[in-house]
Amino acid sequence: MTIRYQGRVGGEKSRCEGCGGRWSLQHALNCPVGGLPTLRYDEVNRTWASLAAEAYPAGVVHVKEPIIREEGEVQGCPALKGDFQVRGAYAS
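Everything in the sequence shown is counted per the numbering used here, starting at 28 for the first residue and increasing by one.
One or more of the hints may lead you astray.
To be verified - Capping the alpha-carbon separation at 20 Å, the derived lysine to aspartate or glutamate pairs in EDC-like fashion look like this:
{"no.": "1", "residue 1": "K40", "residue 2": "E92"}
{"no.": "2", "residue 1": "K108", "residue 2": "D69"}
{"no.": "3", "residue 1": "K108", "residue 2": "E92"}
{"no.": "4", "residue 1": "K108", "residue 2": "E98"}
{"no.": "5", "residue 1": "K91", "residue 2": "D110"}
{"no.": "6", "residue 1": "K91", "residue 2": "E81"}
{"no.": "7", "residue 1": "K108", "residue 2": "E97"}
{"no.": "8", "residue 1": "K91", "residue 2": "E70"}
{"no.": "9", "residue 1": "K91", "residue 2": "D69"}
If you are wondering where the hints come from, they were derived from the structure by calculation, not from laboratory data.
All figures in this text were calculated on a predicted structure; none of them were measured in a lab.
Use the sequences and the hints to build the structure in full.
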């Protein structure tokens, strides 16, 4: 609606809900926390998980983000999470 009415919609946000930065149309399109890049990434992630669920037996694909490395496990490195998990993908 902001694009259609050129920013003249009442009740506009002043802060980004994702990162807390100053909200603007440009910020909303590019915010790495809650903007379009995140939405596009999530859509691609869901597509890959859906394809994996079709290719592997039931119960093998887990969409919940698996934790690969806990916070503080490696000094100075943040936690590392995966997108989805396919158990036994490389098992023979």
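Cross-check of the supplied hints:
For the hint linking K40 to E92, the alpha-carbon distance of about 30 Å lies beyond 20 Å, and the restraint is violated. Of the pairs offered as hints, the one joining K108 and D69 holds, with about 14 Å between alpha carbons and a cut-off of 20 Å not exceeded. At roughly 6 Å between alpha-carbon atoms, K108 and E92 fall within 20 Å of each other, so this suggested pair holds. Of the supplied pair hints, the one linking K108 and E98 holds, its CA atoms being roughly 10 Å apart against a limit of 20 Å.
For a cut-off of 20 Å, the pair hint linking K91 to D110 stands: about 7 Å separates their Cα positions. Taken as a hint, the K91 and E81 pair is honoured in the structure, with Cα atoms around 17 Å apart against an allowance of 20 Å. Distance check on the hinted pair: K108 and E97 sit about 8 Å apart at the alpha-carbon level, within 20 Å; holds. Between K91 and E70 the alpha-carbon distance is near 15 Å, which keeps this suggested pair within the 20 Å criterion.
A distance of roughly 13 Å separates the Cα atoms of K91 and D69; the hinted pair therefore holds under the 20 Å criterion.
When each numbered hint is compared with the structure, a violation occurs for hint 1 only.
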